[in-house]
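> Given next are the chains, with one letter for each unit.
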Amino acid sequence: MAASIQYCTFSLAHLTFGIEVDRVQEVMRSRDLTEVPLANEVVEGLINLRGQIVTALDLRRRLELPPRDPAAPPPMHIVVRTNSGELSLLVDAIGDVVDADEATFEEPPETLDGVARELIAGTYKLDGRLLLVLDTERAVQLPSPV
Amino acid sequence: MSEIDEIVGEFLVESYENLDRYDEDLLALERDPGDTEVISSIFRTIHTVKGTAGFFAFDRLGELAHVAENLLGRLREGELAVTEEIASALLFTGDTLRKMLATIEATGVEGEEDVAELTALLTRLHTGAGSPLVAELDQPEDDEDEVAPKLGELLIGEGATTPDAVALAAHEQDLGDDRRIGEILVDHGQTTADAVDKAVEAQGNDPGRSLSDSSIRVDVGLLDELMNLVGELVLARNQIVQLVGEEQDSRYAGASQRLNLITTELQEGVMKTRMQPIGNVWNKLPRVVRDLSLACGKQVRLVMEGQDTELDKTIIEAIKDPLTHLVRNAVDHGIELPAARAAAGKAEEGQLTLRAFHEGGQVNIEITDDGGGIDPHALQQKAIAKRAITAEQAATMTDREAVNLIFAAGFSTAEEVTSVSGRGVGMDVVRTNIERIGGTVDVQSEQGQGTSCKVKIPLTLAIVPALMVTSGDSRFAIPQLSLIELVRLEGEEARAGIELVHGAPVHRLRGRLLPIVDLASELGREASATRETVNIVVLQADGQSFGLVVDAIQDTEEIVVKPLGSHLKEAALFSGATIMGDGRVALILDVLGIAERARVVTETTERSGAGEEEGEVLDQRHVERRTLLLVGIGDDRRAAIALSDVERLEEFASASIEYGGGREVVQYRDDILPLLRLADALGVGSYGMHQPEHLDVVVNRVEGRMVGIVVGSILDIVEQDVDLRDGDEGRGVLGSAIIQGRVTDVVDIDAVVTRNDPARMGGYAGV
Numbered sequence: 001m002a003a004s005i006q007y008c009t010f011s012l013a014h015l016t017f018g019i020e021v022d023r024v025q026e027v028m029r030s031r032d033l034t035e036v037p038l039a040n041e042v043v044e045g046l047i048n049l050r051g052q053i054v055t056a057l058d059l060r061r062r063l064e065l066p067p068r069d070p071a072a073p074p075p076m077h078i079v080v081r082t083n084s085g086e087l088s089l090l091v092d093a094i095g096d097v098v099d100a101d102e103a104t105f106e107e108p109p110e111t112l113d114g115v116a117r118e119l120i121a122g123t124y125k126l127d128g129r130l131l132l133v134l135d136t137e138r139a140v141q142l143p144s145p146v
Numbered sequence: 001m002s003e004i005d006e007i008v009g010e011f012l013v014e015s016y017e018n019l020d021r022y023d024e025d026l027l028a029l030e031r032d033p034g035d036t037e038v039i040s041s042i043f044r045t046i047h048t049v050k051g052t053a054g055f056f057a058f059d060r061l062g063e064l065a066h067v068a069e070n071l072l073g074r075l076r077e078g079e080l081a082v083t084e085e086i087a088s089a090l091l092f093t094g095d096t097l098r099k100m101l102a103t104i105e106a107t108g109v110e111g112e113e114d115v116a117e118l119t120a121l122l123t124r125l126h127t128g129a130g131s132p133l134v135a136e137l138d139q140p141e142d143d144e145d146e147v148a149p150k151l152g153e154l155l156i157g158e159g160a161t162t163p164d165a166v167a168l169a170a171h172e173q174d175l176g177d178d179r180r181i182g183e184i185l186v187d188h189g190q191t192t193a194d195a196v197d198k199a200v201e202a203q204g205n206d207p208g209r210s211l212s213d214s215s216i217r218v219d220v221g222l223l224d225e226l227m228n229l230v231g232e233l234v235l236a237r238n239q240i241v242q243l244v245g246e247e248q249d250s251r252y253a254g255a256s257q258r259l260n261l262i263t264t265e266l267q268e269g270v271m272k273t274r275m276q277p278i279g280n281v282w283n284k285l286p287r288v289v290r291d292l293s294l295a296c297g298k299q300v301r302l303v304m305e306g307q308d309t310e311l312d313k314t315i316i317e318a319i320k321d322p323l324t325h326l327v328r329n330a331v332d333h334g335i336e337l338p339a340a341r342a343a344a345g346k347a348e349e350g351q352l353t354l355r356a357f358h359e360g361g362q363v364n365i366e367i368t369d370d371g372g373g374i375d376p377h378a379l380q381q382k383a384i385a386k387r388a389i390t391a392e393q394a395a396t397m398t399d400r401e402a403v404n405l406i407f408a409a410g411f412s413t414a415e416e417v418t419s420v421s422g423r424g425v426g427m428d429v430v431r432t433n434i435e436r437i438g439g440t441v442d443v444q445s446e447q448g449q450g451t452s453c454k455v456k457i458p459l460t461l462a463i464v465p466a467l468m469v470t471s472g473d474s475r476f477a478i479p480q481l482s483l484i485e486l487v488r489l490e491g492e493e494a495r496a497g498i499e500l501v502h503g504a505p506v507h508r509l510r511g512r513l514l515p516i517v518d519l520a521s522e523l524g525r526e527a528s529a530t531r532e533t534v535n536i537v538v539l540q541a542d543g544q545s546f547g548l549v550v551d552a553i554q555d556t557e558e559i560v561v562k563p564l565g566s567h568l569k570e571a572a573l574f575s576g577a578t579i580m581g582d583g584r585v586a587l588i589l590d591v592l593g594i595a596e597r598a599r600v601v602t603e604t605t606e607r608s609g610a611g612e613e614e615g616e617v618l619d620q621r622h623v624e625r626r627t628l629l630l631v632g633i634g635d636d637r638r639a640a641i642a643l644s645d646v647e648r649l650e651e652f653a654s655a656s657i658e659y660g661g662g663r664e665v666v667q668y669r670d671d672i673l674p675l676l677r678l679a680d681a682l683g684v685g686s687y688g689m690h691q692p693e694h695l696d697v698v699v700n701r702v703e704g705r706m707v708g709i710v711v712g713s714i715l716d717i718v719e720q721d722v723d724l725r726d727g728d729e730g731r732g733v734l735g736s737a738i739i740q741g742r743v744t745d746v747v748d749i750d751a752v753v754t755r756n757d758p759a760r761m762g763g764y765a766g767v
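Chain order of the listed sequences is P and L. Each step along the first sequence adds one to the number in our numbering, with nothing skipped, and position 62 is 62. Each step along the second sequence adds one to the number in our numbering, with nothing skipped, and position 477 is 477.
I should point out that these hints are in silico values taken from the structure, not numbers from a laboratory. Among the hints, erroneous ones may be present.
[Said to hold, decoys possible] Here are some, though not all, of the chain P residues that point toward chain L, as calculated from beta-carbon distances under 8 Å:
no., residue
1, Val36
2, Asn40
3, Leu46
4, Asn48
5, Gly95
[Unchecked claim] Partner residues are not named here, just some residues of chain P that face chain L (Cβ under 7 Å, in silico):
no., residue
6, Ala39
7, Val43
8, Thr55
Even glycine gets a Cβ: it sits at the ideal position worked out from N, Cα and C.
The whole structure should be built from the sequences, with the hints applied where relevant.
If you want it as structure tokens, here you go:
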């Protein structure tokens, strides 16, 4: 059975990531954020999602990637359903939804290191690029502040 | 009807509902006699009625249900087949049960309903011997009888007469007396005309809405959902109102005002649906008190007032444990053993009173016992032993403050740990739990007379009025419950209004020292260095008031409290978030969390607070009092300086002392501040062998010049009456007084400075 899974793709720095489509509730443009003083540095702030208050996490900081270029277009929100409720993940840009053939699934590449390696469930080889599958549940568990 | 016990009321509602289903089930059974599930359902209904009737000692009701249950038992076992006759008899049983319930509802007691024939019929059917009696029985009774209970029964139910008297009067009627039964009873002196009037009125009212018609059961989940929707509506309303404010068109204004009103009313209505009488929590307490007093060998009578005071369901849940704990505490520690009470000249039976009432949008609950009260000194000793406070603090505490020490962490006042209390769940937990829902708790006690705990809690948690403030670009909401007042300092006041005592910023608010917390620095941001105006929000938490400095104060607004996600649990400064009129999210400040974080309850503030309060009490009796800064000098001696002379309190490193003009000086605010050692000036010896690393300096302004008075330590600020004796102008002492139980010299700063200032000596010596 050559089953395939659909992933919602997005980019962070120069990398392409994917989240299972059925986890994704919606994708939104940048919106008003309310900063939360003294919160974990990964917490970017709070957004109003149709009357519901949702915590937004900066995936760049979570994955310990270099900070976003201030001149770059504002980040996008991917609202995902997780065990800790609805959360918004801030990413650089949203890509297509892709069908990934389960047969091409591989372990995370050796070249990845550090936090990113822990939070990547595996990879798919798409034509010409590598799709890194985000382990969403682990990604939204914040490390305790040092 | 209002007289009926609430539990009986619940039983009635439930039974009516069950009987309605009972009828449906019976009809279904007639259509399909083999349906065992339906038989079981009918059986259960009757079984429940029987059980509950037995519990309330409604014997006739129970007896009828019992016979019907026997019959149904055989049907369920399949030993009897359902015939039309049986179904009719069972339906009639249902009608009779309803009638009996109606009598109970109207009078509170069982009526004289004759069920002998019906039970006989049911028994016959049960034993299998059918009878055509059903037709006879199934006649509608006198209509009047059905809707209105008999006057005699009502009177008996009210306790206004006896069954015998009614029977006698009825007998007289049968013999041809055409007077009404009430008249006969009054004539016989068996009841009063008033009681009859009341009973007649009740009889008239009765056919109105009965319990089953006027109340329905609703799933709590549905109510929660409604509450959430109302919350959303309030937010949308706020948004619209804000937008309309920017519009010129008056039609919008009218519509938005209507929306505003309707939303408010709807909000109140929905909130009411979630209200429950506090009696629902109190119901469990008589048992708690009984068991506990037995275990302790005490006699306690529990008096409850205001059981029907209503509270939001969620709050009822939240106060259940704290209340139970307070009651246990009162029985365990408050009320004395019978022998001790007798010795103290009190009744052997102690009294514990629970009182609930609404006041100012809050619910007040008082738990009062007439026991031995709390010994403030014993508490203080204990607190000192546990290092919760220092002996000095204890000395300046009022009794009332001392009594409230029982809320300090890790306190158990029992001499020995009993099985009842001292299990680690202390009064501190009670206070924390109550404050978590935005409430307050306060204890007052009079030794030998008893103790009273006052709990104040908000009516609801979901939608609360809040004050909006800003810090930097962020807006925050402060629940109005913790708000005491707003203070605005401008111009010169803004610069001088916030002083440092012991390194902690304070503001002198009407003679009291208010600890100051800067919101920006609590939020981990840069506090703005100089402000043209200072906005202080005076808040109350943990029994202590403090001032929160914010950048700006905005409106008050109704906010809908929304919980924060699990990712923000560690940010203890916020109790939730809300959505503002412009659609943005604003955080709700957790006042208690901020107070804890900023350690507002420090030694300094606590002590000064104590001194002040004492002063306030004194102030009512005396006209004159002084506010004094207490300092330590030399060998464990104390001196006091009038606070009005004090400009600031500072701390300088000993290393920063320089010499100018033959005396010690420090650089201070781009100026040279001459220093003067108070111990030297008063001639009470030096500061000992070693130089301390830091010098505590009281900066005074004498005749327009700043002088730094070096003291051994800064101890406290007190406000009290001072009885000065033995002034010594030569030494610069106005006199001595007893302050905090110690003889203290009150310093005449002007004299000291003038006498010890070589620069002034020439100028003023002759004056």
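> Hint by hint, say whether it matches the structure.
Now for the hints, and whether the structure bears them out:
1. Val36: 6 Å, holds
2. Asn40: Interface hint status for asparagine 40 of chain P: holds (7 Å vs cutoff 8 Å).
3. Leu46: 4 Å, holds
4. Asn48: 5 Å, holds
5. Gly95: 26 Å, violated
6. Ala39: 5 Å, holds
7. Val43: 6 Å, holds
8. Thr55: 4 Å, holds
Hint compliance for this structure: hint 5 alone is broken.
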